[in-house]
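Construct all of the structure, not just a fragment, from the sequences and the given hints.
Quick note, the sequences are listed as chains A and B, same order. Take the first sequence: its position 94, counting from 1, is numbered 93 in numbering that gives the first Met the number 0, and each next residue is one higher. Take the second sequence: its position 124, counting from 1, is numbered 123 in numbering that gives the first Met the number 0, and each next residue is one higher.
For the record, the hints were derived by calculation from the structure and aren't laboratory data. No residue lacks a Cβ here, since even glycine has one placed at the ideal position from N, Cα and C. Among the hints, a few may not be true.
Chain A regions said to be covered by chain B (calculated; three or more residues, Cβ under 8 Å) [to be verified]: (1) 153-167; (2) 372-378.
Part of the chain B face toward chain A, derived, beta carbon under 8 Å [said to hold, decoys possible]: (3) Met61; (4) Phe74; (5) Ala95; (6) Arg132.
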Amino acid sequence: MVKRINSPEDLEKLRNEIIAKSKAEKHVVSVCMGTGCIALGADVMMDALEKEVEKHGLKGKVEIKKVGCVGFCEQGPIIIIYPEEICYLKVKPEDVPDIVSKTLVEGKIVERLVYTDPNTGEKIPKLGEIPFYKHQHRLLLANNGRIDPRSIEDYIAVGGYKALAKALFEMKPEEIIEEIKASNLRGRGGAGFPTGIKWETTRNAPGEPKYVIVNCDEGDPGAFMDRALMEGNPHSVLEGLIIGAYAIGAHEGFVYVREEYPMAAENISLAIKQAEEYGLLGENIMGSNFSFKVTVHRGAGAFVSGESSALMTAIEGKVGEPRPKYIHTAVQGIWNKPSCLNNVKTWACVPLIILRGAEWFRSIGTKGSSGTMIFSLVGKVNNTGLVEVPMGITLRDIIFKIGGGIRGGKKFKAVQTGGPSGGFIPEELLDTPVDFDELRKVGSMMGSGGMVVMDEDTCMVDAARYFVDFLLEESCGKCVPCREGLKELSRILNNICRGEGKEEDIQLIEDICETMSEASLCALGRTAVNPVLTSLKYFREEWDEHIKDKKCRAKVCKALINYYIDPELCQACTLCLRECPVGAIHGDKEHVHWIDQDKCIKCGTCYEVCRFGAVKKISGEPIPPPPKGMKPIRKRRE
Amino acid sequence: MHKSATTLLASSNIPSKNEVYLFVSKITSKSSRNNLIKILQAVQNRYGYLPEAGLKAISQFMNIPLSRVYGVATFYHQFKLEPPGRYVILVCMGTACHAKGNMNNYEFLRLLLGLDSNKHTTEDGMFSLESARCFGCCSLAPVIMIMSSDGSYKRLYGHVTPMLLKKIINEYRVKVLKEVTIHVGHTKRNFVR
Ligand SMILES: Cc1cc2nc3c(=O)[nH]c(=O)nc-3n(C[C@H](O)[C@H](O)[C@H](O)COP(=O)(O)O)c2cc1C
Ligand code: SF4
Ligand code: SF4
Ligand code: FES
Ligand code: FES
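Okay, here's the thing in structure tokens:
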């Protein structure tokens, strides 16, 4: 049975005890057990590590910690060894004996597992010196990698719940709200609404009880920053929520977690249970007279349910559809009571602001957007993963300094921020700083942190079509402009991608977009036009090529491309012939292969498997005719 | 007459009406705050989909019109109204995965499994193919997930290509055949060939 914490002094005492206890251990080995690393086999590697440590009799001298996502998932499974902060990447079970005998026993570095700079070839063993991490400013993610998310003691050891003690015992609710307002914290879930003002509205709204809610619906398809925070440091979100509840005067809260995130739901549920046991949640928190309880609610998978009013109806157990917002949910939300909804990251900022002050928070970032932002940097960059940066950093720095530039030496084409509500930003605007207002000026938005990098192999018409089709499926269908507008947009865009576009389509698209952005009920419909309009604005040539020349320069739109085998390069290895699912390839061991265009379904398998780069994609040009008779191959010189 | 292993596999995915009624009556009487979504989630967790009998039972026990139960069940992607195959292959259609060509992988799987736009489950009940929303593993794009129909087994695969998929599917084929044992008389027969 754990001892309840009944005062701020109790908390400090416990903290000191935990720290004193852990001093005895020399090395801490953090193994990332985030969803990404587990997919790459971290769990198997973990078993091997535990066995190996035991075999060397290091139990008690080395502490193995299962930590949450450290953000560099692509390089997983990842191990970080403290205090030296040695970072090993792509660790396989076979590597474990070396790690234990060399690093843990002899203090040497296993060179083959450390990060190698692709440009200089330099080996960089220290986590903080890897370019991907060096240019980041990790506040919210600072402890991912250092603490076991399933251990409240770990969180307390790094200063956890100190802010809560300060808020409950040294500050009045109004003072907390003033502090948040002074920090200029803006919502990290999409629109960037000032958090302090929202809190104040709910606090002052008539009606009891009041509710506070964490939005972990993370609907942006292609982003995972909220997942990582919930999985890797759930107590930080919970602490922020408790402080917010106290400031707002709420006694009940909800955490809304999307269906696809079982581990996030599990970890936050465990955090809630632990906090209750320690007296940090429930009745008379820390011996104060403030009581608060939290329930986890699992979403059932609908993008629109991430919208505030829809999310609240979903918590009530109904179909999660938005309602008109003549009255804001901050005033009338769940069961028509005042309800304050914030994004995961917004809540996690709160303890930091309370502890270090509004002025410190404002000193990071820009005038209009203070603090840091976590982006999920994915797509065609060399280093994909989670990056936490101060607001105001340029897109160029994120993509080229942290992301390490474009994969495979290809050419950058666009970066998409803000998910389906955001837009594409072209090369000439790469020096735009990330800031709520600046991103909106270029037609995109901050959104909740999705950032997808696209290169010359991405078709901008197809990318716009992708978001329209995504939203068409996700629109709740309640309002006409959104429902019918998306249907029509989807039809036109799909036609263009199929090579059936007409010149007058562009005007039609623009008209539909105008109606949708003005007349839709919720932000889904109003912002759905952003991907389309930015693609049109910055990449008009590609649209014209699709419509007039029936050409897709990125060679993505299936109807506009063909596969063909270059007779000069084919080595007649028969691989493509064997792999083609429809038997469209002809040839044999002695002769150049060729594709029967009438049979080919353009699945791309031959392109994928050919080791000689003989299979080519072409668009907008005539297909070279198949070789007459059987053409013998021209062997490559060895 | 023996049923073949595969038809048995397909029919074993379908629970009996009585059992469904019993299960729903149990869970609906337990929950204090009658939350339709939670009940539907429980039924789906149990059977891997929402059997028609289950929706009727929910409507009856919770005193909610059947049309509303259907309304909620069809609104959310999570809910399935058809019995899934033993293993469900989920192909991520998130932005990162789309940008890295997961649509091609989806098409490839469809061909490989002999499915079309109306048919999502293989004849033998072994696999279902579905598109999914982002798994939050976008760094590993393109990503697929394979899970057992009851959700007890889940595995993500990153950086997939048609070739890798072919290999993975074959592994599961072997796995399924090993799992399926049928009783003929008193002897247990194992269907590994
Ligand atoms: C269609 C739609 C989907 C949304 N999805 C999310 C989401 O997944 N996560 C989120 O935090 N906010 C989402 N939002 C924004 C929320 O409505 C709300 O503004 C936000 O959660 C408030 O938190 P914040 O002030 O901390 O940003 C969405 C909005 C719309 C219109
Ligand atoms: S693209 Fe697919 S169908 Fe066409 S030839 Fe290549 S492997 Fe065969
Ligand atoms: S895989 Fe390439 S080299 Fe081999 S037969 Fe096909 S086209 Fe020729
Ligand atoms: S899951 Fe391990 S780094 Fe993200
Ligand atoms: S986009 Fe596929 S996992 Fe996120």
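Cross-check of the supplied hints:
Under a criterion of three residues with beta carbons nearer than 8 Å to beta carbons of chain B, the stated coverage of the segment 153-167 of chain A fails, only 0 such residues being counted. Given as covered by chain B, the segment 372-378 of chain A passes the check, having 3 residues with a CB less than 8 Å from a CB of that chain where 3 are the minimum. Nearest Cβ of chain A to the Cβ of methionine 61 of chain B: about 10 Å, over the 8 Å cut. The hint is violated. Taking 8 Å as the C-beta cut-off, the interface hint given for phenylalanine 74 of chain B holds, the closest approach to chain A being about 5 Å.
The beta carbon of alanine 95 of chain B comes within 4 Å of a beta carbon in chain A, closer than 8 Å, and the hint placing it at the interface holds. A cut of 8 Å between beta carbons decides the hint on arginine 132 of chain B: the least distance to chain A is about 5 Å, and the hint holds.
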